[in-house]
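Engineer: Sequence:
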Amino acid sequence: MPSPRDTQPVRVRFAPSPTGLLHLGGARTAMYNFLLARQTGGQFILRFEDTDQKRYDPAAEQDLIDGLHWLGLRWDEGPDIGGQHAPYRQSERKDVYKPFAAQLLESGHAFYCFCTRAELEAKRQEQKARREQARYAGPCRDLSPEAAIARVAAGEDHVIRFKMPKEGSITVTDRLRGDITFENRNLDDYVIVKSDGLPVYHLAAMVDDHLMGITHVFRGEEWIPTFPLHVHIYRAFGWQEPEWVHLSLFLKPSGKGKMSKRDTQAMQLTGQTIFIKDMQALGYLPEAVLNWVALMGWSYDDSTEFFTLDDLVQKFSLDRLNPSNAAIDFRKFDHFNGLHIRALAPEELARRILPFFEQAGIPASLEALTRIAPLIRERMVTLDEAPEWTAFFFKDSVEPDPASLVAKDLNPAQSLAALQQAVARLEALPEWTHEAMEPPLRALVEELGLKAGQLFGILRSAIAAQPVSPPLFESMAILGREVSLARLRRALALLEQQVK
RNA sequence: GCCCCCAUCGUCUAGGGGACCAGGACGUGACCCUUUCAAGGUCAAGACCGGGGUUCGAAUCCCCGUGGGGGCACCA
Numbered sequence: 002m003p004s005p006r007d008t009q010p011v012r013v014r015f016a017p018s019p020t021g022l023l024h025l026g027g028a029r030t031a032m033y034n035f036l037l038a039r040q041t042g043g044q045f046i047l048r049f050e051d052t053d054q055k056r057y058d059p060a061a062e063q064d065l066i067d068g069l070h071w072l073g074l075r076w077d078e079g080p081d082i083g084g085q086h087a088p089y090r091q092s093e094r095k096d097v098y099k100p101f102a103a104q105l106l107e108s109g110h111a112f113y114c115f116c117t118r119a120e121l122e123a124k125r126q127e128q129k130a131r132r133e134q135a136r137y138a139g140p141c142r143d144l145s146p147e148a149a150i151a152r153v154a155a156g157e158d159h160v161i162r163f164k165m166p167k168e169g170s171i172t173v174t175d176r177l178r179g180d181i182t183f184e185n186r187n188l189d190d191y192v193i194v195k196s197d198g199l200p201v202y203h204l205a206a207m208v209d210d211h212l213m214g215i216t217h218v219f220r221g222e223e224w225i226p227t228f229p230l231h232v233h234i235y236r237a238f239g240w241q242e243p244e245w246v247h248l249s250l251f252l253k254p255s256g257k258g259k260m261s262k263r264d265t266q267a268m269q270l271t272g273q274t275i276f277i278k279d280m281q282a283l284g285y286l287p288e289a290v291l292n293w294v295a296l297m298g299w300s301y302d303d304s305t306e307f308f309t310l311d312d313l314v315q316k317f318s319l320d321r322l323n324p325s326n327a328a329i330d331f332r333k334f335d336h337f338n339g340l341h342i343r344a345l346a347p348e349e350l351a352r353r354i355l356p357f358f359e360q361a362g363i364p365a366s367l368e369a370l371t372r373i374a375p376l377i378r379e380r381m382v383t384l385d386e387a388p389e390w391t392a393f394f395f396k397d398s399v400e401p402d403p404a405s406l407v408a409k410d411l412n413p414a415q416s417l418a419a420l421q422q423a424v425a426r427l428e429a430l431p432e433w434t435h436e437a438m439e440p441p442l443r444a445l446v447e448e449l450g451l452k453a454g455q456l457f458g459i460l461r462s463a464i465a466a467q468p469v470s471p472p473l474f475e476s477m478a479i480l481g482r483e484v485s486l487a488r489l490r491r492a493l494a495l496l497e498q499q500v501k
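Heads up, the first sequence is in the working numbering, so the first residue is 2 and it goes up one at a time.
Derived by calculation from the structure, the hints in this document are not laboratory data.
Please read all numbers here as calculations on a predicted model, not as lab measurements.
Every residue, glycine too, gets a C-beta built ideally from N, C-alpha and C.
Check the hints yourself; a few may be wrong.
[As the list claims (entries may be wrong)] Distance ranges between label pairs, derived from CB positions:
| hint | residue 1 | residue 2 | range |
| --- | --- | --- | --- |
| 1 | LEU252 | ASN412 | 12 to 20 Å |
| 2 | GLN360 | ASN323 | 32 to 40 Å |
| 3 | ASP158 | ALA361 | 20 to 28 Å |
| 4 | LYS316 | LYS99 | 22 to 30 Å |
[To be verified] Calculated lysine-lysine pairs in the BS3-like style (CA-CA distance at most 25 Å, straight line):
| hint | residue 1 | residue 2 |
| --- | --- | --- |
| 5 | LYS129 | LYS167 |
| 6 | LYS164 | LYS195 |
| 7 | LYS167 | LYS195 |
| 8 | LYS333 | LYS316 |
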C-alpha cells in the first residue's frame, strides 16, 4: 500500500523528550525519518518535546544532539540551528498552543477540569475496586461553560481535558497495520493542558506537527493506545492527518519485554549498551549501529544485509517495514561492526583507532597506524581491540615467554638451531620486505623438514611476544630490520639459556 | 482487570494462494584455507503457535483459541 505522499518531498521530524540519553530505539526512529527526508528531497526536523519540566534533564539535549551527529544524521531545522518554524523547543512555544486549546474549548471539544489529583486518585481506586475501567469520572465535563470560565477567572487551579465522545467509534489508519477501530467509550477524557498552563504531548505534538507541515509521523508502537485521541484532535481542528507510522518495539535480548533501567545497568557490566553515547567508547562504528538497527523492523530483500547510510537513503521504503517487535541481538551488532571495519580504507581505520591508542597511553602516529591497519582490519570486531593487538609495534623491546619460543614437537635445542639459521638468512637479506623474506624462510622450513607453523611460530613469538598477533612477515616489515633483528637475537639468547 | 498490537529456524528476517519438501543473516557444529588469532570459503542441524473454515490448492485470506508485547498519569 504505497502512498503517493512517500515520493513527494516529505517533512518529517524526530521529536524526543530530553529526559534521557539517546538509545537504539530513538536512533532507529531518527534514522528512518532521515532516510525518507533525504530520499524524497524533503526536510528532517529535530524538535525537543520538553513540556514536562519535572523530568527535564539538561544533559539529555546535548546527548541527543551529539548522538545524532555521531551517527551522521543531520537535520535541516532544529533547536540548535533554527528554521522556518522556530522555536523547536516546546517549552518555548507555550504561547502558540494557547489559541488552539481555546479553540477546542469553544468548539466544545474540550472542557476545563477543576478536580484535584487526590479526588481523581480516589475515583480511580473506586473504579479499580469495582473492576471497572479507570477513566475520568469527575463532574467537570458537565459544567456549563459560563460556570467553568467564572471559576477559571477566579483563579481556581485547572487543567483542560479533551471531551471524548461517549458513543460511537473511531477508525484510524496506521501505515503498517491498516485500519484500527476503537470504541470511544473505551477512551478517556485525556488532559491536554496541565495546570501549569503547558500542553501535554497529545496537544503539543499535534499542533506542532500540523504547524510545521509534518507529512509522516514515525513513533513507537507504545503510542497506539492514544493514537485515536490524536486523530480526534486532528479532526476537531479539521486538519489533514499525516501518514502515521507506528514502529515495532525493541525488546531486551531475552525477548521478554522492553528494556528497563535495571536491564540497561546489568548490560553495562557485560560491555553491552543501548546508549549511543557509550557505543563509541566500546569501539563500535556509527555505520554498524545504523546498519544493525535498520534491519530490526525493516528489510530490503531476502538476502542483502550490508548497507551504508547512502544505500539506505536510496533503498529505504515504508512498505517494507515489519510490525512485529524485535529482540535486540548484540552478537549481530558485533558481526556488522566487523563488516564495516573491513570496509574501511587503512587511513580511515587508522583515524578511527587513534583515540584508543591515545587513551591507552601509546604514542602511535597516524602514519604508523595506517601501515598497521591492514594487518588487523581482517581480525577486529571492535576498535578498542587495536591497541592490544599491536602494542608490540610501539615498544622498544619485548620479552617473550621463553616457553613460547620452543616450537611444537621440537625441543629447545632444535628450536634454537632453527632460529639461528633463520636469523642468518634474514641478516643476509638485501632488502627488508615481506616479499624478500618469505621465500628464503619457506625454503628453510623445507630444508629442516619442519612445518611452517613451527618455524614461523618461533619467529612470531620473538617478534611480538604475545600469544596471538598479526601475520609475521608484514609485522617484521613494519618493525624494520634493526628492531626485528634485535628481537630475534634476544630470542636466541633466551633459547640458549634453556638449552644449557 | 480493560483496550490495543503482534505471531516463520534460538535471534533478526524473506515470503503477501500454487515458483516453498519455506530463502538469507547472526549464532551453533564440521570441514577447507592457514605462521597464531581472526577473516574468508563449503557443508550441516534448525521454523510456518494450535484448531476450525474459505479454496482445486494456504506459511500466505477469515474466525476462534493460545502465546508474546504495549497501554491504561496534570510522562513522553
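Engineer: Are the hints correct? Go through all of them and say.
Structural biologist: Each hint, compared with the structure:
Between LEU252 and ASN412 the beta carbons are some 57 Å apart, a value that contradicts the proposed interval 12 to 20 Å. Checked against the hint of 32 to 40 Å, the pair GLN360 and ASN323 passes, with Cβ atoms roughly 39 Å apart. Between ASP158 and ALA361 the C-beta distance comes to about 58 Å, which lies outside the given range of 20 to 28 Å. A hinted range of 22 to 30 Å for the beta carbons of LYS316 and LYS99 is inconsistent with their spacing of about 43 Å.
A threshold of 25 Å between alpha carbons decides the hint, and for LYS129 with LYS167 the separation of about 20 Å falls inside it, so the pair holds. Between LYS164 and LYS195, the direct Cα distance comes to roughly 15 Å. Compliance with the 25 Å bound is thereby established for this hinted pair. Proximity of LYS167 to LYS195 is assessed by CA-CA distance (about 23 Å); at most 25 Å being required, the pair is judged to hold. With a C-alpha separation of about 21 Å, the suggested pairing of LYS333 with LYS316 holds against the 25 Å cut-off.
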